[in-house]
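As they're listed, the protein sequences go chains U and F. Each residue of the first sequence is one higher than the one before, counting from 1 in this note's numbering. Each residue of the second sequence is one higher than the one before, counting from 1 in this note's numbering.
It is worth saying that the hints were derived from the structure and are not from the lab. Worth double-checking, as some hints may not be accurate.
Residues from chain F shown here face chain U by an in silico Cβ test under 8 Å; the list is partial [to be verified]:
no.	residue
1	Y56
2	N96
3	H97
Derived pair list, reagent style SDA-like, types lysine to any residue, alpha-carbon separation capped at 25 Å [unchecked claim]:
no.	chain 1	residue 1	chain 2	residue 2
4	F	K128	F	Q84
5	U	K242	F	R103
6	F	K139	U	E236
7	U	K355	F	W38
8	U	K339	F	E47
9	U	K339	U	K141
10	U	K242	F	E47
11	U	K355	F	E42
12	U	K355	F	D116
13	U	K339	F	D149
14	F	K80	U	A385
15	F	K135	F	K80
16	F	K128	U	H358
17	U	K242	F	E42
18	U	K339	U	K355
19	U	K242	F	D116
20	F	K128	F	V66
21	U	K339	F	V66
22	F	K139	F	E26
23	F	K135	F	E47
24	U	K141	U	N161
All C-beta atoms in this analysis are idealised placements derived from N, C-alpha and C, irrespective of residue type, glycine included.
So the chains spell out like this:
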Amino acid sequence: MNLQPGELKDKVRRLIREGEVHRDLYCSPEVFALEMEHLFRNAWIYVGHESQIPNKGDYAATEIGTQPILMVRHSDNSIRVLFNRCPHKGTQVVIDRQGNTGKFFRCPYHAWSFKTDGSLLAVPLKKGYEDSGLQESCAAKGMTPLAHSKNYRGFIFAKMNDAGPDFDSFFGESLSSLDNMIDRSPEARLEVVGSPLRYMHHCNWKMLVENQTDTCHPMVAHESSAGTVREIWEQEGGDGPKPMAVECILPFTSPYEFFENMGIRTWENGHGHTGVHHSIHSDYSAIEGYFEKMVEAYGETRAKAILDENRHNTVYFPNMMIKGPIQSLRLFKPLAADKTLVESWIFRLVGAPDKLLHRTAMYNRLINAPTSIVGHDDLEMYERAQAGLASDGNQWVNMQRLYDPAESETPNATYNGTTEAQMRNQFRAWEKFMTLDAGEAADARGSAA
Amino acid sequence: MTPTEQDLIDFVIAEARMIDERRFPEWLDLFAEDGIYWMPLEPDQEEEHLTTSLMYEDRLLLRTRVQRLEGQRTFSQKPKSRCQHLLQMPAVDEVNHEENLYRTYTPFHYVETRFDEQTLLAGWARHKLAVVEGKLMIKCKRVDLVNCDAPHRNIQLFV
């Protein structure tokens with residue numbers, strides 16, 4: 001898209017008001033293309049976890065926006081993030097979601113090879129390139145590294161553009177949620193377990209992100225799933241220790257008051273979380289031996305502080321959510337304006353009893369799987385919304401609940417837990433990161449002039 | 001009751017038919033008290049508890065699904081999904097009268113449909129059966145999808 005900087009800013013501003021956003025944000029292929037071109041290049045995006053690639057030469061392939069990238073463990077043990085594209089003809093160099101490439105990558109098409117930092121190692125029949133200008137070409141640079149990457153306590157993020165804040169300024173205080181998830185391991189270490197659940201949604205990616213802090217839907221949309229669990233549990237007598245599955249699903253039926261009191265916190269740059277004071281994860285049964293291990297590792301005061309933090313969903317703008325008390329991470333991968341792939345990953349708390357992982361894995365399949373009744377409830381609502389937005393009767397989506405005119409001046413704040421302030425926070429960040437690079441030379445974004 | 005091989009085959013075929021005909025409460029009664037329905041997430045997955053599965057459900061969770069399917073506010077079942085199993089003749093893998101353990105293996109194609117969308121899944125069902133109070137019952141039904149690790153759309157009924 002070749003919008004002039006002013007045109008881009010005008011276009012974006014026309015789509016957003018305080019408390020309302022235009023349906024084009026969800027439906028328009030043009031807006032989606034602009035998101036891929038600007039938002040997903042200007043923001044720090046999650047790539048993967050270091051435990052996926054423990055050994056030199058290990059790689060994992062993923063996408064940022066719609067662009068194929070990979071992370072790889074380089075020979076110096078650092079983790080490099082590269083575009084997954086051969087500089088020669090464009091072939092994706094790796095195709096497996098993960099594997100080991102040894103000391104170098106070798107393109108399967110013409111056998112160009114690259115060190116694991118992306119630099120060009122060798123080209124067959126090299127003589128053919130004498131005096132060809134190859135040395136000065138884009139191809140000679142090898143597999144392009146992303147401009148910025150960061151390993152934060154094992155979590156790898158990357159940013160394509162130079163525009164925008166550095167890692168620490170981008171995330172700011174929101175890193176406290178990642179810290180809490182990591183610190184729940186007595187060794188302060190997490191490991192990815194198994195493959196992610198992959199669930200295809202025919203709706204815009206932002207609907208899923210908004211839903212993470214939408215505390216007015218569980219008692220309505222999930223009446224069918226969590227409500228049925230409650231009915232059955234009551235039919236069974238409703239007393240005695242709850243089975244783990246019941247413990248995981250029942251809190252979804254909590255009344256409005258529970259969610260109001262739970263609180264929502266927003267942070268600068270579109271991050272935020274539900275569950276400031278308590279959450280649906282607060283009342284899980286203690287797991288034998290865990291607290292003792294935490295006390296051994298951290299001392300009693302600190303161990304209690306870590307475990308008393310029961311944040312519900314933390315949104316990392318633009319497209320990731322974590323649950324510290326559950327040790328799960330969800331990525332909302334945009335594929336098209338009306339198509340989103342949701343990946344749901346889980347982690348082992350290294351050094352903690354297996355029973356915690358048992359609960360984590362159970363939660364993941366009960367709530368996040370394409371076979372999950374809770375997932376079915378949500379997907380139905382997203383896809384009805386996607387279809388409904390085609391209506392010209394009203395072209396705006398409303399998010400004015402508990403609007404406070406002062407909130408745009410105070411990005412770091414806590415609110416009543418049923419506010420839509422976090423959604424508004426995301427859209428303020430959306431506007432900011434859509435236009436951050438407006439004015440940068442086109443070639444700095446890697447486009448042809 | 002000492003089941004014959006034909007009894008085992010008939011059981012597996014009847015079980016699929018109950019699902020196709022939406023006789024869910026009757027289907028639920030095929031599961032033993034400790035019966036499990038398991039659909040792994042990864043090919044050749046052996047771990048049941050310490051990694052993610054698509055489904056790993058005891059009778060309580062299966063009952064929740066069945067009751068939910070008929071719920072007044074089960075919006076994802078308005079309109080209802082329909083499904084069809086196409087089974088290959090079940091193979092009897094193990095007959096062990098002493099231990100009251102019987103295993104079958106059944107390749108299948110499964111179609112689930114709602115509105116204008118139709119999903120085709122294929123895979124293998126492995127039944128572990130036992131005789132309980134004179135009737136064959138399911139101890140474990142393991143369903144391995146060929147594309148278990150694919151990005152699936154909703155699977156709302158029972159494969």
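What are the numbers of the hints that this structure violates, sorted from low to high? When the structure is compared with the hints, numbers 2, 3, 5, 8, 9, 12, 15, 17, 18, 19, 21 and 23 turn out to be violated.
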